[in-house]
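S.K.: Given next are the chains, with one letter for each unit.
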Amino acid sequence: MNGRTLFFRRLFDYYKYQFKVLHAVIDWTVALYIVLPAIAFVIYQYIDLMNGRGLLYEWSEVAEWRWLYAVCVLIMFTGSIRTFLMEADKVFLLQKKEIIYQLKRYALLYSFLATLAKWLLLFFIVLPLISHSVLITFAESTALLCYLFGLHIFFLSLKQDRIRKPRSISRWIGDTLVRAILFAGSAILIVFTERHLLALFGILFLFFSVIRSLKKTASFTAFEAEVTEEKKSRLALAGLVMMMSQEAGMPKVKDRMRRKPLLYRNSKRIFKRRTICTGYKELFFKVMLRNGEYARQMYMLLSAFTVLIFVSPIWLKVIALLVYTGVCRYILTLIFDKVMDAPFLIGTDKESDEYYRARKSCINILHYAFAACCFLAAAVSLLFT
Amino acid sequence: MTNLLEASIEQAGYTSRKKVLTDVFLEVRKGELVGLIGANGAGKSTAIKAILGLSEDFKGHIAWNDCSFAYIPEHPSFYEELTLWEHLDLISTLHGIEESEFAHRAQSLLQTFSLDHVKHELPVTFSKGMQQKLMLIQAFLSKPDMYVIDEPFIGLDPISTKRFVDMLKAEKERGAGILMCTHVLDTAEKICDRFYMIEKGSLFLQGTLKDVQDKTGLEGQSLLDCFYKAVQGDRL
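If you read the protein sequences in the order shown, they are chains A and B.
Residue 1 is where the first sequence starts when you use the working numbering, and the numbers rise one by one after that.
Residue 1001 is where the second sequence starts when you use the working numbering, and the numbers rise one by one after that.
Hint data in this document are derived by calculation from the structure and do not stem from the laboratory.
A hint or two may mislead.
Okay, derived cross-link-like pairs now, PhoX-like style, lysine-lysine, Cα gap no bigger than 25 angstroms in a straight line [what the hints assert, rightly or not]:
#  : chain 1 : residue 1 : chain 2 : residue 2
1  : B       : Lys1059   : A       : Lys281
2  : A       : Lys281    : B       : Lys1128
3  : A       : Lys350    : B       : Lys1059
4  : A       : Lys232    : A       : Lys20
5  : B       : Lys1128   : A       : Lys165
6  : A       : Lys260    : B       : Lys1119
7  : B       : Lys1059   : A       : Lys231
8  : B       : Lys1059   : A       : Lys260
9  : A       : Lys232    : A       : Lys118
10 : A       : Lys215    : A       : Lys231
Use the sequences and the hints to build the structure in full.
M.R.: This is the structure in structure tokens:
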């Protein structure tokens, strides 16, 4: 067995696992009644948009394709440099380092190709549509593609560095600043620079990142961090699916780096009063603040409904708003019960009035906050109607 | 002596594996340390789950006799989002322990188990032994009437094992009842007052060390020898 064979075997296993996850959620009835009609609707809207009519066209007239910047930024946040390493490799394969080198090099190439595929897909879908309203030549779009791909690979190589270092507020601020500067600089470059220069910057980013990543690939010092990241990537889709279930849950991938939380450091309390009720509330709010999965789940729900409210006519905005408030409360209730269901709380009284008071209060506070955000989005969207 | 726990398990198991345990009757009295002994897969953890009301398939009756209890699981279980100190604060708040009392007790326990320097860090990043110590500390913090302990020695360093055993003895002196499931029979022999031995999902031997020695015909021999003979005799 060599690294190439191992890579393809693990790649196959990876996609097989993701397929099983999707298959577990989308059985034939869901596929027949929800997924296929949804795909048909999207294709229909896409054709309408290309012919200069339909719901998306009207909306695009309002938004004037500026949303593409947002889509590009969102894509930049996706992906990682994969390694396809497994925990057991340190027992069975670490003696044969050449196999692991090969595996990681193939995984690196795969990560680059997967990133390129995302940008190609975006360009093939979007370019025919914007050609009506935006004057962009083939050479210009190729230069833009080259730049965005190079920048994305650069971001991935920064991410590769980040997993090797302990988290801290200063590092987080530094990372955010670097990203903000790069995004702002990129926007200026894209708008004001010649296509040759844009392509050159893209190639430079790509070249620099490839050299950095190849060096990291040859190193074994971050083996455990790489295994942890690999587990996270493998379980990402399954985790997303399981978030909606109270009974089922994904095993958490443990981060081995010793660290303190970013918010409420040194175990500072949120509530000054120390009662059973505030004890439960303190637990729930800290979990919500520090658990990225729950925060992402609420954020995704809010974003989806905000977009829906923005693009819908007024009567549909009201329905979307009502549905959101209901779904939001339901999900917050699920999360609260899931948090309190942990074995750590065995022996505490979860039938007491204090418990139910804390439950109601926690759910209400977040429910009102999220609903207010959605109301605000609805109010702002009315300005564009 | 007053019974703190009376467990009468007619049947306990899981949705996929029913009847892992049948006809197990056990009790724990005030100021008594009871060992639950058995081979891997014998049904010890299933018994503990049934006692805690966590069994998926359960028939029987568990009487706690109005006593508070703390549970130390085999696999450390905690919130990944809370620091070590926040865990202790949470558990003491929920048990109504005053803040000054909590701070004093928690600090003393953290020093005993050498975790003082990591109290504001997230336990998810700790070693298995350190996570196990968190489980011990949270249990001792609330000073309950009864302890249910599942394999407490795994991952503990020798110093912590000694301190843990000393604290168990002190809690016993205070009047707490302790039900401890373990494989470390030489330690169990020294500290337990009585034993329940489980094999293939049912109780096959119980009593003090003397009773066990008498029943197996191994007078003066170790608990390990008695257990080995009893299990082999049962299997042959």
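S.K.: Taking only the CA atoms, is the gap from lysine 1059 of chain B to lysine 231 of chain A under or equal to 25 angstroms?
M.R.: At roughly 39 angstroms apart (the allowed maximum being 25 angstroms), lysine 231 of chain A and lysine 1059 of chain B break the hint.
S.K.: Need the status of pair lysine 281 of chain A, lysine 1128 of chain B: alpha-carbon distance at most 25 angstroms?
M.R.: violated, 28 angstroms
S.K.: Decide if the proposed pair is consistent with the structure: lysine 1128 of chain B and lysine 165 of chain A, CA atoms, cutoff 25 angstroms inclusive.
M.R.: At roughly 22 angstroms apart (the allowed maximum being 25 angstroms), lysine 165 of chain A and lysine 1128 of chain B satisfy the hint.
S.K.: Are the Cα atoms of lysine 350 of chain A and lysine 1059 of chain B separated by 25 angstroms or less?
M.R.: The hint holds at about 23 angstroms.
S.K.: Given the hinted pair lysine 1059 of chain B and lysine 281 of chain A, is their alpha-carbon gap at most 25 angstroms?
M.R.: violated, 35 angstroms
S.K.: Decide if the proposed pair is consistent with the structure: lysine 232 of chain A and lysine 20 of chain A, CA atoms, cutoff 25 angstroms inclusive.
M.R.: It holds: about 17 angstroms lies between the C-alpha atoms, which stays within 25 angstroms.
S.K.: With a cut-off of 25 angstroms on the C-alpha distance, tell me whether lysine 260 of chain A and lysine 1119 of chain B pass.
M.R.: holds, 10 angstroms
S.K.: Taking only the CA atoms, is the gap from lysine 1059 of chain B to lysine 260 of chain A under or equal to 25 angstroms?
M.R.: violated, 44 angstroms
S.K.: So if I understand the rule, the pair passes when the alpha-carbon distance is 25 angstroms or less; does lysine 215 of chain A with lysine 231 of chain A pass?
M.R.: Answer holds: lysine 215 of chain A to lysine 231 of chain A is near 22 angstroms, not above 25 angstroms.
S.K.: Starting from lysine 232 of chain A, check that the Cα of lysine 118 of chain A is at most 25 angstroms away, please.
M.R.: holds, 20 angstroms
In this structure, the hints that do not hold are numbers 1, 2, 7, 8, in rising order.
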